[in-house]
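A.B. asks: Okay, here's what each chain looks like letter by letter:
Number of protein chains: 2
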Amino acid sequence: MTEFKNLNSDELEDLKNELIKRYDEFKTLGIQLDMTRGKPCPKQLDLSLDMLKCANEKHFLAQDGTDCRNYGGLDGIPEAKDLFSSFLGVTPSEIIVGGNASLNMMNDTFVTAMLHGIDSENPPWIKLPQIKFICPSPGYDRHFSICEHLNIEMIPIGMDEHGPDMDTVEQLVKQDENIKGIWCVPMYSNPTGAVYSDEVIERLAGMETKAKDFRIFCDNAYTVHHLADNPPVQKNFLSACKESGNPERVFIFGSTSKVTFAGAGVGMMAGSEKNMALMKKHLAFQSIGPDKINQLRHVLFFKDMDGINAHMKKHREIIKPKFDAVQGILEKEIGALNIAKWSNPKGGYFISLDTQEGCAKKIAQMASEAGLKLTPAGATYPLKKNPVDCNIRIAPTFPPLEDIELAMELLAICIQLVAIDKIGSSSG
Amino acid sequence: MTEFKNLNSDELEDLKNELIKRYDEFKTLGIQLDMTRGKPCPKQLDLSLDMLKCANEKHFLAQDGTDCRNYGGLDGIPEAKDLFSSFLGVTPSEIIVGGNASLNMMNDTFVTAMLHGIDSENPPWIKLPQIKFICPSPGYDRHFSICEHLNIEMIPIGMDEHGPDMDTVEQLVKQDENIKGIWCVPMYSNPTGAVYSDEVIERLAGMETKAKDFRIFCDNAYTVHHLADNPPVQKNFLSACKESGNPERVFIFGSTSKVTFAGAGVGMMAGSEKNMALMKKHLAFQSIGPDKINQLRHVLFFKDMDGINAHMKKHREIIKPKFDAVQGILEKEIGALNIAKWSNPKGGYFISLDTQEGCAKKIAQMASEAGLKLTPAGATYPLKKNPVDCNIRIAPTFPPLEDIELAMELLAICIQLVAIDKIGSSSG
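From first to last, the protein sequence lines stand for chains E and X. Final position of the first sequence in this note's numbering is 438; the numbers increase by one with none missing. Final position of the second sequence in this note's numbering is 438; the numbers increase by one with none missing.
It is worth saying that the hints were derived from the structure and are not from the lab. Careful, some of the hints might be misleading.
Pairs involving identical chains hold if they fit within one copy or between any two copies, as the list cannot separate such chains.
[Unchecked claim] With a cut-off of at most 25 Å between alpha-carbon atoms, the simulated DSS-like pairs for lysine-lysine come out as follows: (1) Lys31 / Lys290; (2) Lys395 / Lys323; (3) Lys394 / Lys290; (4) Lys68 / Lys324; (5) Lys291 / Lys394; (6) Lys26 / Lys351; (7) Lys383 / Lys53; (8) Lys63 / Lys53; (9) Lys395 / Lys291; (10) Lys342 / Lys394.
Hey, can you work out the whole structure from these sequences and the hints?
C.D. replies: Structural data, given as structure tokens:
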């Protein structure tokens, strides 16, 4: 492999023709690969099938005697609060265990802030002329969609392997009282895999904010989703906020969507007791209570955090080879070409690939025409607009290993062809 | 039994002393009876225990091949849409099958109307100075709480056995564009048991409204919850709205909370295809999808509407004797006294008891002091304020039959004592 800049125009032309030939071969294969979403594969879902037997005709009472089949229990059954507070690193009085999705809880929290205010001292956000949110990018498209839907202005902020660009964040939030919060995925950030450093977490927890009701929306979606032997140990966001004297600053969200069943897991949110009391007050108007049977099912299946961690090791055995395949093929095909770089995450669900500027959309388009669907280029940026058009999110968990190998070979061909075209158009 | 007005003051004094003696005996019993909420009893919940086996390691795919364990399926799996569209009397394209509670869906629909508008032609309700809702009363406290939470002004409207006072409703909605809707429980209304007549449904569907985006929030919570042999057949609200040229006027809500498990059932909402498309558009920002495994579980358990109807007959066998006990004991104890009247519903979950004016709170207080908790008097009115203080909601389903007999005897004693006091205070 030789960097393109070191090839003369004939060599480049030969390479291009060879790549086009390979690309056309892919087209004739008629493959249909979907790597758009971070979905668990069937084998991963099989790991939790025994959970379906766990709540049954003999076992439907919670440990406090609550009949999980009946109404009640707004914030979850006690044993679910015990287990999942360990999961999120908080106490049982600092958690609400909910329905099947944390995304609903995130949206509900935003809606509460909009209509009622996020605390009792400050006005509902909807009363203000314009609310803004800081959105470290690339990030999770569904976080940004919640803001978009609520007409919240998003301020994209760069990310590196330690988290968001804190100098810029601190400068912005100090000055603008309309900036009411920031989205964070501190562990194995979606899609870059970044693990926020303790310093970043402490700066976010302690920074001066012009808005008195500034909130960190911390989506801890991948808190136990390790791919490496010695997973990083991270400062807990709520502890950091308490230590900084800002105990109400953070809401932490999590779920078992990528632990048990993506469609039938348990969602949860955590925060200071004061924050939880406020959310429960509002929740009481909206809900009679979550599906307690499904909470019981989860607790009976896992028993404790050791159970969850052992279970996650089985997930890792299934998906690690897929992540390795992406790394291996990209490295083999384009590793020496200096036309793209990609993350090598220690956990989570994604590999983030950065192309040359202005190339990502074209690459995704080419791949799609040959049968490989990728998350739309730009989807990981607010309003789906990446101004420099350079990011592609690769979701390796769902497809079978052999499909991933095919898909990455095809992707590498597309990356090269678009890079060669870029040389042609800039020199032409 | 002689009406109190036909007793001389000595006879009244003797009766009072006798009642006080009986009341005090109750107090010494130290009973603890809770008839506050319309909850199914454990025997009712037992009826659905086999459902917990229905989705299992062999059966987790929907009929279209969807893996119910994974993400996706915003509006429900096809077989759940089939079954529950029959349940609500609509077509599968007119329903969204959701999570474990229709109350959340009702609240979400209000929030959508507030923040985004309930159609694409009219402004979000929050942009208007004051939204008002018509609340037939007595009604369901949780409906009124949703309005209260969203600062929607409630206009109480009287009810009779055929539904709300339509002359008043028509007059109000014709004049006031801030009246954006009405709450309705058309079948076995909570708490009166009223079954809306077809004429009332047709008038609601067709009436002239000043607000262009007027909506009927129809909570069909008791659509299959019959207590009589020949249940009433009711005009479908969506059909009526279509026939009147107002297809978008109604949202219909329902759930299996009182069919399978109150805490782990399936909620649903229905309406015109246009309304469902709008709700799905908003839902896509808030949710990845409902618990499809629980939907599958329900469909496998019931198979079809015959399955649901057969199941509801078993519920009836359990709860009908409890309703009969309430009727029987009240009739025996105070039937001839003309100091209270109560409903004799053909279905649903409640008996509504009307006392003399200004007496309900005192009666509930006396009953509570002797160990019988009733739904707080007035709870069935907007802002929990019944201006004439005359309504008590009796929820007979949860307690065992022998407790109900005790409870009604105690209640009858309290009703008489308060009535005697009322004579004393008005003549004194």
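A.B. asks: Now tell me if each hint is right for this structure.
C.D. replies: Here's how the hints hold up against the structure:
1. Lys31 / Lys290: Classified as neither: same-chain Cα gap 61 Å, cross-chain 43 Å, threshold 25 Å.
2. Lys395 / Lys323: Intra 36 Å, inter 57 Å, cutoff 25 Å: neither.
3. Lys394 / Lys290: Between copies only: 20 Å across, 33 Å inside.
4. Lys68 / Lys324: Result: close only across copies, 21 Å inter versus 29 Å intra.
5. Lys291 / Lys394: between (35 Å within a copy, 17 Å between copies)
6. Lys26 / Lys351: within (21 Å within a copy, 90 Å between copies)
7. Lys383 / Lys53: Only inside one copy: Lys383 and Lys53 sit 21 Å apart there, 51 Å across copies, limit 25 Å.
8. Lys63 / Lys53: both (18 Å within a copy, 21 Å between copies)
9. Lys395 / Lys291: This pair counts as between: shortest inter-copy Cα distance 21 Å, intra-copy 37 Å.
10. Lys342 / Lys394: neither (31 Å within a copy, 71 Å between copies)
Of the numbered hints stated above, those contradicted by the structure are hints 1, 2, 10, listed in ascending order.
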